[in-house]
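Chemist: Now for the letters of each chain:
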Amino acid sequence: MGLLLPLIIVPVLTVIVIAFTRTQHQTRMTAAIGMGIQLLLSVNLVIQYLLERKTGNKAEMLFRKSWVWFDSLNIKLDIGVDGISVAMILLTGIVVFAGVFASWKVKNLSKEFFISLILLATGVFGFFITIDLFVLFLFYEMAVIPMYLLIGIWGTGPKEYSAMKLTLMLMAGSALILVGILGIYFNSAPDGGALTYNLLEIAKINIPLPAQRMFFPLTFAGFGVLSALFPFHTWSPDGHASAPTAVSMLHAGVLMKLGGYGCLRVAMFLMPQAAHEMAIIFLVPTGISVIYGAFVAVSQKDLKYINAYSSVSHVGLILFALLMLNKTAITGAVLQMVSHGLMTALFFALIGMIYGRTHTRMIDKMGGLLKVMPFLGAAYIIAGFASLGLPGLSGFVAEMNIFVGAFQVSDTFHRVLTILAVSSIVVTAVYVLRVVARLLLGPIEKAEYEMIEDGHWYEKFSTGLLIVAIAGMGMIPLWLTDMIRDSLDPIMTKLASSI
Amino acid sequence: MISNIPALHFLIVGSLMFFIGVYGFLTRKNIIAMLLSAELMINAVAFNFAILNRYVFPVHLEGYFFSLFIIAVAAADAAVAIAIIINIYRNFDTIEVEEVDDMKY
Amino acid sequence: MVSGIIGTLVLGTITVLSYFTAWQYFFTDGKVDGAYRAITGFNHVWLTLTESLHIDLGVLLDPISVMMLLVVSTISLMVHIYSLGYMKGEDGFYRYYAFLSLFTFSMLGLVVATNIFQMYIFWELVGASSYLLIGFYYKKPSAVAASKKAFIVTRFADLGFLIGILILSFFTGTFDFAALTNPSGQVLGSIAGTSFIGLSVLSWSMILIFMGGAGKSAMFPLHIWLPDAMEGPTPVSALIHAATMVVAGVYLVARMFPVYAIWAPESLAIIAFVGAFTSLFAAVIACTQTDIKRILAYSTISQIGYMMLALGVAGYGGEAGSGFTASMFHLTTHAMFKALLFLGAGSIIHAVHSNEMGDMGSLRKYMPVTAITFLIACLSISGIPPFAGFFSKDEILAAAYTSQPIYFWVEWFVAGLTAFYMFRLYFGVFWGKKTEYKHKPKEAPLSMTIPLIVLAIGAAAAGFIPFGDFVSSDGLAHEASFHWNIASLSILIALAGLALAAWLYLRESSRPEKVAAGFKGFYTAAYHKFYFDELYLFITKKIVFELISQPLAWFDRHIVDGFMNLIGRMIYRFAVAVKRFQSGQMQQYAFVFVSGVVVLALIILIWWT
Amino acid sequence: MEQIITYILLALMLIFSVMTVTSGRILRSAVYLLTVLVATAAIYFIMQYQFLAAVQITLYAGGIVVLIIFSILLTHHIEHRMENPVFWKAMISALAALGAVAMIAWVLKDAQSIQNVAGFIPPKMEDIGMALLSYGKQGYVLPFEVISVLLLAAMIGAIAVAKPALLQFKNKNFKQDDQ
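Protein chains in written order, with the numbering used here: chain V, 11 to 509; chain L, -4 to 100; chain X, 903 to 1511; chain F, 127 to 305.
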């Protein structure tokens, strides 16, 4: 079985078992147990990975396994992980587990809800462990499609509209990705020989430059849509605003990272020359995303919109850092994926809990909630601090890597963009504190809010888990950054060789 | 004897009959009249098969059987068509084809 | 209550350890060949950034960090003890002590930082704990607004700090103070040579770093958060917004002082100017305020301006470095007397339940200990010998005089203003009109008066420390020369200020109104803090919020998203148009079918032949 | 003599075809169609395809046309006159048909070379029967079976469609919905 295959099998088994449960309680217990095992597997994977590296195994991908699937097209279920995917798997494990607890009280069709949620998680896990482009794409679609149901059925507000918009825009993105992947596939053997989907095989050869010029922008933009690249970010506010709590958590926390991961692993790794040529073109929209998302977040009133735009800003920073094409910045990008995943999941979890109590998400209708729900309020403040990059929490580590890395590129264009991106930390502080002040502090706005209860055990568990992860990453970052840095070596070599 | 007549003449008549059927099918509003036109077309096809068989492969019977089967199929489809027409008439109180457009969009 | 005692005990231990460290450093380990050297206690890599750049966490001991250790731990201990009485029975007592400990941790981390990035980390953390403590009374909207303002203003300043660090580290390839501040270091040579818009890149980066310091130290024009920060509990104001955190900016400049002095004198000139201007500006405002904590806040800004000025006029090493010593000296004495003033103010507020001077008067009869300690502090800050403030202020004036006489005269005038507004406060509160109190004010409990007494001793006697022996810009002992002419001038103006205050406020009279009327326009402007709050409000609310953020939000919803929706709607329209072909008219289908067959067949035929 | 009769028959086929699609009375149309079919059968006789001719008359002329006439009588008053097609519609349809005719004419100009291949033996009944039941070369048992199944299916289908009451869903809710 190895270490990786269970990561796909366990969720699938969980889905099957959930299909046979009868009561809501059984359903959620099954989901919790299944995802708990999944989290343990992820943690175990991290430990095993670090131990394996310690023994001096320098292979690009560890724990490789391969099964032929479509011989004629050379499609294989080919799995393996490096430090980046391990980090992402850990993130996914945590967020999904927390997400299950955040949706503990889903009343309506809870069985179907958990089935879709865990199917989505399966897709994400599969995406991170495969190194075969076709299977990668397959898992990608598997992660995106359940989103439609999850938002369309269990959402709030104009959910059908949002679900449709989100799905259509992401589908448009994945159409671009598919074209890109096929383009890579048909250029994967320029000197003759068998075509392949295998990432590592393709990385060994150089895709012809004209093909790179054609397929790099497609792939990058395709994955960029999922990462809310300006101007393809508008699915994000509506989608998040309508989505149920756990879905927002998973979507902003993990699914948006699929975009960054794909940009790095597929677009930049396989087509380095084009990445060098076109980085400047793509830097502009990413830079805009960073600043623009932050400024738009300042004047939003709906908690989820604020967070959605904040995600646009933060995830824009990921792509921005990737395009700086140096090791520090890319390390920062991966760290930011993990960090943003954790804190935005925390944010959305808390927003869901607050919404469940006040039945509104408008910040000007709330106030003084810290008094009645100290635990959740404090958690919100911590999430806010993480978001504005306070040292000791995860955001700082990631942002400093990005900023220092970005500053190493020494022409004026990059400098100006970097300084603009850095200045987003002030704007972030503005909107985070504005929300905290309006929402949690001050006098209690309405009398009925006096009756609000603080978090239940499952809510505390869910938020507590995420806070521990955020603080853990923020305080002891070295093991994580080293793991990522080491794994970036092949990518950096490939990028460097192409100048 | 029939061999004195060139095959072309039969084929011309067959083809014309077919397209007269097409014309009827396109212009008639009454479904039964359309069915009549369709029968014309089927007949024309069967006729052409028989003629070509007679002229080109006189010792074989492929075209012959084709005509035979076409007639059989025509019988079947006429039966079904008439059943449908009667049902339409029952439901719509008309057999004007333009008024039977519930399947649009 | 338990939480407070735990916090206080732990901090007591830390204070003891700090004193022990200081003893060891100054008298045993620190001195090599007559100069104090920097000792790196330990230094551990925390985060690797690039091949050469990595963030370390460690402990650096040198004269200024050891001095700051003493100051921070002493004041913090006093505040911890004081708070046991002051905060008794408050909602969230344990929260208060948790935040206080967090702050002390961050401040100590900042002080002992071995590299500039560690300093930045703890810099942010003190900012966050300051935010939490200012907003301690989170049910009060004004406190919430003040905490937000403080955080955002300092955050803005930190942006400059961060960019400065990025520039500096890019060119030098190190964050390490040891490498950066080595006076003979080669790392700065290249960067000092590169120029950008008239100044060297190094100067730019140092100016940006100073911007961080200016934000935290409430230098003009980033001073606006500090007076508002007085919304926090008073002991917090004493600890954070008077004695320790706000001098972090001074400490930062002092820490980077060799770089400033040797490689970037242009930026040092800017520091001197900002310091001088701020001290004057804040002193003028302080003369008109009526909220006792705000007076103290502006006084703090003014005094920090002094320290900045002293650094700005100093040079590296020898006699030129006396400004550096003076600045650090003033930092220490200021910490004593300003903490004392704030704690005294806290004691008054505790008794009277008001911040307004108008509600107070003749308090000396009810609160003798507070009155006496407050008087000592006032004398000290006004620069009356032999109290501590006199010595440190004298050194600053002397340093300014030898370097830039114009700054001397400005500061000399500010010294007079200082004496005036401090005694205005003192007379207004403890003398002045006889006020009827609803509850008769009582002297504070022992837990509050003991810190007052301890600090009063410090404020009175700290001036006799031979400071130059321990702290100087180059580590060599430096004997501060005493300037009789400067000292007599400063005593003169201090006494003049005192006398003026006594004339106006010792007895209840209508004189203050007359004087205020005499300076009408100027008085009103100063009373409204020269309208800086309004200006910033205009910038943030009208420009950032209404002219950038809201239009962008509109743009996003209606243009960007509108475009996406437009695409969707166009596809829908197209589909509606296309579905008309599906008319349900069977004959139409048949017609299309027939013509299609004909056309296709024709195409094939033509293509074939 | 045969030649003349053949041409007359061909002419009849054409004329009555046209009348079938243009006549205003549906019943007459059906009768014209009958004429066409009978004329076709006559030509089959002349070509010595007796069995085919017989099938044409019994199945086509006899079965189908009678069926059609019944359905006409079921759905029309005997006096019913069909309205003429709209002019432009007729023109467009004619144009399409003529285009197709032109196309066929183009193809048929090659058909001039089709000559009567010698050696015609009039098919005998037993040959036809054997061919229908054999499965080797020149055997048609499979289409024969398929056709028989088709006919059966068509028959059942016709009954099912035309008599909805037989299969109508007898569900109370359903009926309530109807009302």
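Rather than coming from a laboratory, the hints here were simulated on the basis of the structure.
Incorrect hints may have been included.
What the hints assert, rightly or not - To list a few chain L residues with every Cβ distance to chain X over 12 Å, as calculated:
no. : residue
1   : Ile0
2   : Tyr18
3   : Thr22
4   : Glu57
5   : Phe64
6   : Tyr84
7   : Asp88
8   : Glu93
To be verified - To give an idea of the chain L side of the interface with chain X (calculated C-beta under 10 Å), a few residues:
no. : residue
9   : Ile26
10  : Phe52
11  : Arg85
In this text the structure is predicted, and so the values were computed from the model without any measurement.
From the three backbone atoms N, C-alpha and C, an ideal C-beta is built for every residue, glycine too.
Chemist: Work down the list of hints and note, for each, if the structure agrees.
Modeler: Structure-based check of each hint:
no.	hint	verdict
1	Ile0	holds (27 Å)
2	Tyr18	violated (9 Å)
3	Thr22	violated (8 Å)
4	Glu57	holds (24 Å)
5	Phe64	holds (23 Å)
6	Tyr84	holds (16 Å)
7	Asp88	holds (17 Å)
8	Glu93	violated (6 Å)
9	Ile26	holds (9 Å)
10	Phe52	violated (25 Å)
11	Arg85	violated (18 Å)
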